[in-house]
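Visitor: Protein chains in written order, with the working numbering: chain A, 10 to 138; chain B, 10 to 138.
These aren't lab readings, by the way, just hints derived from the structure by calculation. Careful: at least some of the hints might be erroneous.
Unchecked claim - The calculated label-pair distances, taken between Cβ atoms and stated as ranges, are:
| hint | chain 1 | residue 1 | chain 2 | residue 2 | range |
| --- | --- | --- | --- | --- | --- |
| 1 | A | 122 | B | 97 | 34 to 44 Å |
| 2 | A | 133 | B | 88 | 31 to 41 Å |
| 3 | B | 89 | A | 133 | 37 to 47 Å |
| 4 | B | 100 | A | 18 | 48 to 58 Å |
| 5 | B | 127 | A | 75 | 37 to 47 Å |
| 6 | A | 120 | B | 132 | 14 to 24 Å |
Said to hold, decoys possible - In the DSS-like style, the derived pairs of lysine-lysine whose C-alpha atoms are separated by at most 25 Å in a straight line are:
| hint | chain 1 | residue 1 | chain 2 | residue 2 |
| --- | --- | --- | --- | --- |
| 7 | A | 79 | B | 66 |
| 8 | B | 65 | B | 115 |
| 9 | A | 21 | A | 66 |
| 10 | B | 66 | A | 65 |
| 11 | A | 21 | A | 77 |
| 12 | B | 66 | B | 115 |
| 13 | B | 77 | B | 21 |
| 14 | A | 77 | B | 115 |
| 15 | B | 79 | B | 21 |
| 16 | A | 65 | A | 77 |
| 17 | B | 77 | B | 65 |
| 18 | A | 66 | A | 77 |
| 19 | A | 66 | B | 21 |
| 20 | B | 21 | A | 21 |
| 21 | B | 77 | B | 129 |
| 22 | A | 21 | B | 65 |
| 23 | A | 115 | B | 136 |
| 24 | A | 115 | A | 136 |
| 25 | B | 77 | A | 115 |
| 26 | A | 21 | B | 66 |
| 27 | A | 21 | A | 79 |
Bear in mind the structure is a predicted one, so any value in this text is a computation, not a measurement. Here a beta-carbon is modelled for each residue, glycine too, at the ideal position from N, C-alpha and C.
Number of protein chains: 2
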Amino acid sequence: MTEWLNEVPWDKDGLIPVVTQDAASGRVLTLAWMNRDALAETASSGEAVYWSRSRKKLWRKGEESGHKQKIREIRVDCDSDAILLSVEQVGGIACHTGRASCFFRKLENGRWVTTDPVLKDPADIYKKK
Amino acid sequence: MTEWLNEVPWDKDGLIPVVTQDAASGRVLTLAWMNRDALAETASSGEAVYWSRSRKKLWRKGEESGHKQKIREIRVDCDSDAILLSVEQVGGIACHTGRASCFFRKLENGRWVTTDPVLKDPADIYKKK
């Protein structure tokens, strides 16, 4: 039952961009990437698994921070080249900076201005390493 | 005053992925791409301008359909490699299929299932061509 995976036109690197949205707040949390294995495991495990382009390996979101993303919905767009996840964000923090969303800077008068507070010090989030 | 544009680490094709969200409903409407010119024009004009990877030219959203996207906010993520637009979607239709959002298919029991209605026949949307 992997026909649905075959319908994704993986790019030349075998990836697809993935938008992840908080099911409760509606905030867009992250833009990340998946390969076929990541999407298959996301669907089967019920938790978001991405492909880390910098580390070149599967990235089980929250494996270090505890900030897992529990899947509510998986959607695909009209030309099947983007995925949208609706998730329950464990801990209410998606960003490695300790903020709710990675999109914490807003363009104002020609400058990127930080609008969101740090909810937890990253030193505390990652201290178990 | 283009320093904010220089902070974007354009990919090897000179592009960045852009998530566009409806300011009113919170729905994610599209995942598209911008080059530097598209982002600059989006900011200066107040309407979404993308880079069409298939047509290889600037794509002023709504130029044919009338379904423009009026910019409320432009955000960038923590590592500056994704943009988030909050928009007022003119006509309430973002997708070329005549649906509110391009993410109109949901994974259910191993199949992509269409969940959203067509609000306007594409033949009517694009009949002025």
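Visitor: Determine for every hint whether it applies to the structure shown.
Guide: Against the structure, the hints come out as follows:
A C-beta distance of roughly 21 Å is found between residue 122(A) and residue 97(B), which places it outside the suggested range of 34 to 44 Å. Distance hint for residue 133(A) and residue 88(B): a CB-CB separation of about 21 Å, inconsistent with the stated range 31 to 41 Å. Look at residue 89(B) against residue 133(A): about 25 Å separates their beta carbons, and that is not inside 37 to 47 Å. Distance hint check: the CB atoms of residue 100(B) and residue 18(A) are about 28 Å apart, inconsistent with the given range 48 to 58 Å.
Distance hint check: the CB atoms of residue 127(B) and residue 75(A) are about 42 Å apart, consistent with the given range 37 to 47 Å. Taken as a hint, the range 14 to 24 Å is violated for the pair residue 120(A) and residue 132(B), whose Cβ atoms sit roughly 44 Å apart. The hinted pair formed by residue 79(A) and residue 66(B) fails the criterion: a straight-line CA distance of about 38 Å is larger than 25 Å. A threshold of 25 Å between alpha carbons decides the hint, and for residue 65(B) with residue 115(B) the separation of about 29 Å lies outside it, so the pair is violated.
Of the pairs offered as hints, the one joining residue 21(A) and residue 66(A) holds, with about 17 Å between alpha carbons and a cut-off of 25 Å not exceeded. Between residue 66(B) and residue 65(A) the CA atoms are separated by roughly 31 Å; this puts the pair beyond 25 Å, and the hint is violated. Distance check on the hinted pair: residue 21(A) and residue 77(A) sit about 28 Å apart at the alpha-carbon level, beyond 25 Å; violated. Between the alpha carbons of residue 66(B) and residue 115(B) the distance comes to roughly 30 Å, so the proposed pair goes past 25 Å and is violated.
Restraint check for residue 77(B) and residue 21(B): the C-alpha separation of about 28 Å exceeds 25 Å, so the hint is violated. At most 25 Å may separate the alpha-carbon atoms for a hinted pair to count; residue 77(A) and residue 115(B) meet this at roughly 21 Å. About 29 Å separates the Cα atoms of residue 79(B) and residue 21(B), which puts this hinted pair outside 25 Å; it is violated. As the CA atoms of residue 65(A) and residue 77(A) are separated by approximately 20 Å, the hinted pair is consistent with the 25 Å bound.
Restraint check: the Cα-Cα separation between residue 77(B) and residue 65(B) comes to about 20 Å, which is no more than 25 Å; the hinted pair holds. For the hint linking residue 66(A) to residue 77(A), the alpha-carbon distance of about 17 Å falls within 25 Å, and the restraint holds. Straight-line distance between C-alpha atoms of residue 66(A) and residue 21(B) comes to about 21 Å, which keeps the hinted pair within the 25 Å bound. Only pairs whose Cα atoms come within 25 Å are accepted, and residue 21(B) paired with residue 21(A) is accepted, the gap being roughly 13 Å.
For a cut-off of 25 Å, the pair hint linking residue 77(B) to residue 129(B) stands: about 15 Å separates their Cα positions. Between residue 21(A) and residue 65(B) the alpha-carbon distance is near 18 Å, which keeps this suggested pair within the 25 Å criterion. Distance hint between residue 115(A) and residue 136(B) is unfulfilled; the C-alpha atoms sit about 37 Å from each other, more than 25 Å. For the proposed pair residue 115(A) and residue 136(A), the alpha carbon gap of about 29 Å is over 25 Å, so the pair is violated.
For the hint linking residue 77(B) to residue 115(A), the alpha-carbon distance of about 21 Å falls within 25 Å, and the restraint holds. For the hint linking residue 21(A) to residue 66(B), the alpha-carbon distance of about 21 Å falls within 25 Å, and the restraint holds. Between residue 21(A) and residue 79(A), the direct Cα distance comes to roughly 29 Å. Violation of the 25 Å bound is thereby established for this hinted pair.
Of the hints listed earlier, those the structure fails to meet are numbers 1, 2, 3, 4, 6, 7, 8, 10, 11, 12, 13, 15, 23, 24, 27, in rising order.
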